[in-house]
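Undergrad: Listed below are the residues making up each chain.
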Amino acid sequence: MTTTVPPSVGAAADTPATPPGLSDRVRAERRLGWMLAGPAFAVMLLVTAYPIVQAVYDSLFSYRLTDPGNSSFVGLENYWVVLTDALWWQSFGVTALITVITVAVELVLGFALALVMLKALKGLRPILRAAILLPYAIITVVSAFAWQFAFDLTSGFVNSWFAWVPGISADTDWFGGFGSSLLVICLAEIWKTTPFISLLLLAGLAQVPDVLQEAAQVDGATWWQRMWKVTIPNMKAAIMVALLFRTLDAFRVFDSVFIMTAGANGTETVSFLAYRQTIARLEIGLGSAVSVLLFLSVVLIAFGFIKGFKVDLSQARGEK
Amino acid sequence: MGHQRRRHRVSAIGMVVAAVTALAGCGQGEAGPPNLVWYTNPDSGGQEEIAARCTEAAGGRYTISISVLPREASEQRQQLVRRLAANDSSIDLMSLDPPYIPELAQAGFLAPVPPDVAQRTTEGVVQSAVEGATWDDQLVTIPFWANTQLLWYKKSVAQAAGLDMSRPVTWDQLVEAATSQDTQIAAQGRRAESLVVWLNALIESAGGAVIAQTADRPEDIQLGLESPESQRATEVMREVATSGAVGPAFTTAGEDEGASSFESGAAAFMVNWPFVWPRATSGVEGGTLDQAVVDDYGWALYPQVDEGRPSAPPYGGINIGVGAFSNHTDLAYNAIECITSEENQAYYFTTNGNPASRLAVYEDPAVIEAFPMAPVIAQSLEQAAPRPQTPYYSEVSGSLQRIYHPPTAVAPGTTEPAAAELIRAVLSGEELL
Numbered sequence: 000m001t002t003t004v005p006p007s008v009g010a011a012a013d014t015p016a017t018p019p020g021l022s023d024r025v026r027a028e029r030r031l032g033w034m035l036a037g038p039a040f041a042v043m044l045l046v047t048a049y050p051i052v053q054a055v056y057d058s059l060f061s062y063r064l065t066d067p068g069n070s071s072f073v074g075l076e077n078y079w080v081v082l083t084d085a086l087w088w089q090s091f092g093v094t095a096l097i098t099v100i101t102v103a104v105e106l107v108l109g110f111a112l113a114l115v116m117l118k119a120l121k122g123l124r125p126i127l128r129a130a131i132l133l134p135y136a137i138i139t140v141v142s143a144f145a146w147q148f149a150f151d152l153t154s155g156f157v158n159s160w161f162a163w164v165p166g167i168s169a170d171t172d173w174f175g176g177f178g179s180s181l182l183v184i185c186l187a188e189i190w191k192t193t194p195f196i197s198l199l200l201l202a203g204l205a206q207v208p209d210v211l212q213e214a215a216q217v218d219g220a221t222w223w224q225r226m227w228k229v230t231i232p233n234m235k236a237a238i239m240v241a242l243l244f245r246t247l248d249a250f251r252v253f254d255s256v257f258i259m260t261a262g263a264n265g266t267e268t269v270s271f272l273a274y275r276q277t278i279a280r281l282e283i284g285l286g287s288a289v290s291v292l293l294f295l296s297v298v299l300i301a302f303g304f305i306k307g308f309k310v311d312l313s314q315a316r317g318e319k
Numbered sequence: 000m001g002h003q004r005r006r007h008r009v010s011a012i013g014m015v016v017a018a019v020t021a022l023a024g025c026g027q028g029e030a031g032p033p034n035l036v037w038y039t040n041p042d043s044g045g046q047e048e049i050a051a052r053c054t055e056a057a058g059g060r061y062t063i064s065i066s067v068l069p070r071e072a073s074e075q076r077q078q079l080v081r082r083l084a085a086n087d088s089s090i091d092l093m094s095l096d097p098p099y100i101p102e103l104a105q106a107g108f109l110a111p112v113p114p115d116v117a118q119r120t121t122e123g124v125v126q127s128a129v130e131g132a133t134w135d136d137q138l139v140t141i142p143f144w145a146n147t148q149l150l151w152y153k154k155s156v157a158q159a160a161g162l163d164m165s166r167p168v169t170w171d172q173l174v175e176a177a178t179s180q181d182t183q184i185a186a187q188g189r190r191a192e193s194l195v196v197w198l199n200a201l202i203e204s205a206g207g208a209v210i211a212q213t214a215d216r217p218e219d220i221q222l223g224l225e226s227p228e229s230q231r232a233t234e235v236m237r238e239v240a241t242s243g244a245v246g247p248a249f250t251t252a253g254e255d256e257g258a259s260s261f262e263s264g265a266a267a268f269m270v271n272w273p274f275v276w277p278r279a280t281s282g283v284e285g286g287t288l289d290q291a292v293v294d295d296y297g298w299a300l301y302p303q304v305d306e307g308r309p310s311a312p313p314y315g316g317i318n319i320g321v322g323a324f325s326n327h328t329d330l331a332y333n334a335i336e337c338i339t340s341e342e343n344q345a346y347y348f349t350t351n352g353n354p355a356s357r358l359a360v361y362e363d364p365a366v367i368e369a370f371p372m373a374p375v376i377a378q379s380l381e382q383a384a385p386r387p388q389t390p391y392y393s394e395v396s397g398s399l400q401r402i403y404h405p406p407t408a409v410a411p412g413t414t415e416p417a418a419a420e421l422i423r424a425v426l427s428g429e430e431l432l
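If you read the sequences in order, they're chains B and L.
First residue of the first sequence? That's 0 in numbering that gives the first Met the number 0, and the numbers climb one at a time after it.
First residue of the second sequence? That's 0 in numbering that gives the first Met the number 0, and the numbers climb one at a time after it.
The following block holds chain B by itself, in its conformation from the complex (with noise of 0.2 angstroms):
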C-alpha cells in the first residue's frame, strides 16, 4: 500500500467510467469483502442451494427409496399429482391460517411486550428482557410436548383450571377437533415467538429519535397520537421486517403439529405433508415436488413483502 492517490476523490471519479482502473484501495476492499463474506458464501451453498438444486432434479422423478432399480423420470407429473390433490390444498389452507392467526396476535402482543420493554426501568429491564426472551430459548419441540401434556385430558391442568368458563369441562379433548386442537397448536406458536417479533420491534421502537417525540408533546398530541403519528410510521420498516421474517417462519410450521396432532382431525401443514411423502412414504419424487412447493410458496411470500409493502431491509438496518 504505497499509493498516493487522494483516496475518496480519485475512487469517485474513476469508478464509473472507467472499471478497470480501480484504485488498489477499493480493489484491496473488495477483496477483503471477498474473504469475509466468501467462507459464509460458501457454506451457504453447500448447505441451502445444494439441497434446493437436489430437491428440483429428484421432483422431476418417480423415485422410491426402497426400490431405487425403478426409479423413473417422469417430468412435470409429481407436481400435476400434488396440485390436483385436494390434500394439498387443505393443508395450503391449514397453513394459511396458521400464519395469519399467529403472525396477527403475535404482532401486537409483540408490540406492546417491547413497549413494556423499552419503557421499563433502567433497574428492571434486563431481568424483564430475559424474562420475555426465555419461551424463544426453548425448542419448539420441548414446547410443542409442554403445550400438549398441558392441554391433555389424562396429564393436562387445563381442563381444571379452567373449568369455569364455558364450554371447558373435565372432559375436554383439545385434540379431538380441528378448531381446537388448531387453537392449541397456534397458542403453543405465539408463546414461543412473540419474543423474537417484540425483540425486532424492541430494536424499532429504540430507532425512533427522542426530539421527534418531545416535539410531538410540545404540540400537545397524545400519547395515542403520537404512537400513530410518530412512533408507528417512523419504524415501519422494524415493523415489516419482523413481520417478514415470521411469516416465512409461520409458514414452515411442523413441530408443533406432528407433536400434537400428528395431522389428525385436518390439521396437516404444508411442511408435515412433505415429510410424510418424503420420510414417510419414501417416495423421493412426490415429497421433493411437495417441498420445492413450499420453498416456491416461501419465496413468493419474501417476494411479495419486499415489492408489495416496499421493505428495504438495509433500512431497518438504520443505514439510511
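Simulated from the structure, these hints should not be mistaken for laboratory data.
Some clues are possibly wrong.
[What the hints assert, rightly or not] These stretches of chain L come out as covered by chain B in the derived footprint (C-beta under 8 angstroms, 3 or more residues):
id: 1; stretch: 69 to 81
id: 2; stretch: 248 to 255
id: 3; stretch: 358 to 367
id: 4; stretch: 397 to 407
Predicted, not measured: the structure shown is a model, and the values here were computed from it.
Beta carbons are placed, not taken as given, at the ideal position from N, Cα and C, and that holds for glycine.
Model the placement of chain L on the given structure of chain B, informed by the hints.
TA: Okay, now just chain L, sitting in the frame of chain B:
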C-alpha cells in the same frame, strides 16, 4: 509476523494429519473381537441384558452392543430404512416390527437366513410368529417375541353385568355390559398404527382381509375392503365408538391411555397387549395402585365380531433381522440363536412382559407365576392374524388411518370404498398421503 504465521500453519497441518490418522485407526485396527450393533426398540432394559448374556456366551468371539431406536414402530422403520438405503454397515442386528418386514426384505435390506439357522429357530415357534417372519415363502427374520392383544376386564363389573367370561364374548355384549354398568371400553381410537391394529383385528375376526391378494407391482394389489366382512367390521367399530361407552378422549387414546383408564377404574373392559399386567403389578409394588385393583383383573380371548366365529386377535411382537450390509452376518446369526433361545425368551417374558414366540416357554413355571394369563396368550397367538403383509404396508396403514379416523365418524358402506379408493390411488402414485 510471517514466521509466526507459517509456524501456525505447520502446526495446523500437523493436527489435521493426526486427526485423519486417528480416524483411520478407528476404522481399521479394531483391537479384540468384532462388535455387533443391535438396534433395539425401547423396552424395560431386557434386550440390553440379553445382549450382555449373549456377549458372555460368545466366549470372546464377538461382543454385542445395543443402540436404541425411537419409541414408535413407524419411526423405528423410518430410521432403519433410511440407514439401510445408504448401505449402512453398522447395522448388524435389528429388532423389527413384523408389518415392516416385507418392505425391508423386498428391498434387499436383510441378509439371507442360513437354512440350518432357519430350521433351528422356527422349531416349536408359534405359527403366527413364523408367518410374520416370512416373506415370499422365505424366512427372512428370526421370531424373537410374539405379541397379541387380550380382552382385559374387571371381574366384579363383568359379574355385575351378568357376562359369562368363561366363554368367548362379542363386541355387542361388551357394549351392552359397559352401557348397563355405566363404565367404559378402552380401545385404540387414535390416529396411529394402533387404530389399524384394531381395525385389522375386526376385519379378520369378521372373516375378511384388508389385502385379498398381494402383488409385486403396487397397482396390482387386490384389496378386500369392499366386502360384507369389512363392512361388518366398520359397523362394530362405529358401534363401540359411538355407544357412549368409551372415554371422552377416545379419538386420541392409544394403548397407554387405555391402560391408565383401566387402572383408574374409568374403564372396566379393555383390549390391550399384555404389558398392562407388569405395569399394574409394578404399580402395586411402587404403591401407586391398590392390590385390590389388580386382584380384580380378568383376562380372556379377544372379543368376537359375530357370535360363534373365533376371533382373530392382533399379532405383533419383534423379530430379529440381520442387516444386508453388515460385515459379520455369520456372527450375527450366531448371536440371534443365542438371543432367541428359550432361556432368554423366558427371561424377557417374565421381566419385560413380552410374550415368547417359542411355545415351550409358556410351560415354564416361572413364566406362569409371573403371568397367570400365559396359557390364554399362547392360545391367542395361535388364533392371531397378522396385519396385511405387503412391501407397501406403510402406505396401506397410513391410508387406513386417514379414512378410519375418527372412528366415531365411520359409516358402514361408505368408509370401506373410500379407504379402498385412497389406497389404490396412493399405491399407483396418483395421490398424496
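Undergrad: Sort out which numbered hints this structure fails and list those numbers smallest first.
TA: 3
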